[in-house]
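Asker: If you want the building blocks of each chain, they are given just below.
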Amino acid sequence: DAGVIQSPRHEVTEMGQEVTLRCKPISGHDYLFWYRQTMMRGLELLIYFNNNVPIDDSGMPEDRFSAKMPNASFSTLKIQPSEPRDSAVYFCASSLDRGFSDTQYFGPGTRLTVL
Amino acid sequence: QQQVKQSPQSLIVQKGGIPIINCAYENTAFDYFPWYQQFPGKGPALLIAIRPDVSEKKEGRFTISFNKSAKQFSLHIMDSQPGDSATYFCAASTRGEKLTFGTGTRLTIIP
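Chain order of the listed sequences is A and B.
Quick note: the first sequence, position 82, residue 82 per our numbering, numbers continuous.
Quick note: the second sequence, position 7, residue 1007 per our numbering, numbers continuous.
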């Protein structure tokens, strides 16, 4: 298995632009997580899905952030409009059916820079 | 209540030494305590995890020590190697709920 796949690996955009980050979880995993990592706040959970259904989006910072999982093999995290404070590394992770008590496999991350 | 406090923020150890990273928590409902290892430019990867029914768990050179009464747990790396240089995160969760991560420890093993 190729592991969790994220694209793009790097994204540089200007303030106000829409940004879409993509994730392909490991095949057969029922849970998908989106995290944001910054020096100031560390690793924060933004949202997670179980069987393509959003379960907890309490970590999504603002309405500018939205996430979808249209099928078991694809998820997107969208920021519209983007702001410089959104600059961070965004990770997608997936796990088998025991959710948080099971191993979460992280993707390589997308480094987002908003100018 | 949901915080996990991790220390130190950074650590430099000579090859062969035993770095120790500590974490403390407040929420007594936590029942799963994993450690993640992250190399530069990579995502975190699960290293080792423990549940509160045991006081110690070893996997290779990595050991978790768990003190339930003190609400603390720590990671020890035996015979540390330069390849162990990475950022280490502790985390905690209650079964079925989200992981709360510590702030990370940047470990450097010098030859």
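In short, the hints are calculated from the structure, not lab data.
None of these values were measured; they are calculated from a predicted model.
We put the CB at the ideal spot given by N, CA and C, even for glycine.
Treat the hints with care, as some may be off.
Here are some chain B residues the structure puts well away from chain A; computed CB gaps all over 12 angstroms [claimed, not checked]:
1. Leu1046
2. Asp1084
3. Glu1097
Derived PhoX-like pairs: lysine-lysine, alpha-carbon spacing no greater than 25 angstroms straight-line [what the hints assert, rightly or not]:
4. B/Lys1005 with A/Lys24
5. B/Lys1005 with B/Lys1071
6. B/Lys1005 with B/Lys1057
7. A/Lys78 with B/Lys1005
8. A/Lys68 with B/Lys1005
If you want the ones that stay clear, here's a sample from chain B, every Cβ over 10 angstroms from chain A, calculated [what the hints assert, rightly or not]:
9. Lys1015
10. Gly1016
11. Asp1053
12. Gln1072
13. Leu1099
14. Thr1103
Asker: Each of the hints needs a verdict: does it hold here or not?
Answerer: Structure-based check of each hint:
no., hint, in the structure
1, Leu1046, "5 angstroms, violated"
2, Asp1084, "19 angstroms, holds"
3, Glu1097, "6 angstroms, violated"
4, B/Lys1005 with A/Lys24, "32 angstroms, violated"
5, B/Lys1005 with B/Lys1071, "11 angstroms, holds"
6, B/Lys1005 with B/Lys1057, "21 angstroms, holds"
7, A/Lys78 with B/Lys1005, "31 angstroms, violated"
8, A/Lys68 with B/Lys1005, "32 angstroms, violated"
9, Lys1015, "28 angstroms, holds"
10, Gly1016, "29 angstroms, holds"
11, Asp1053, "14 angstroms, holds"
12, Gln1072, "19 angstroms, holds"
13, Leu1099, "5 angstroms, violated"
14, Thr1103, "5 angstroms, violated"
Checked against the numbered hints given earlier, this structure breaks hints 1, 3, 4, 7, 8, 13 and 14; the rest are met.
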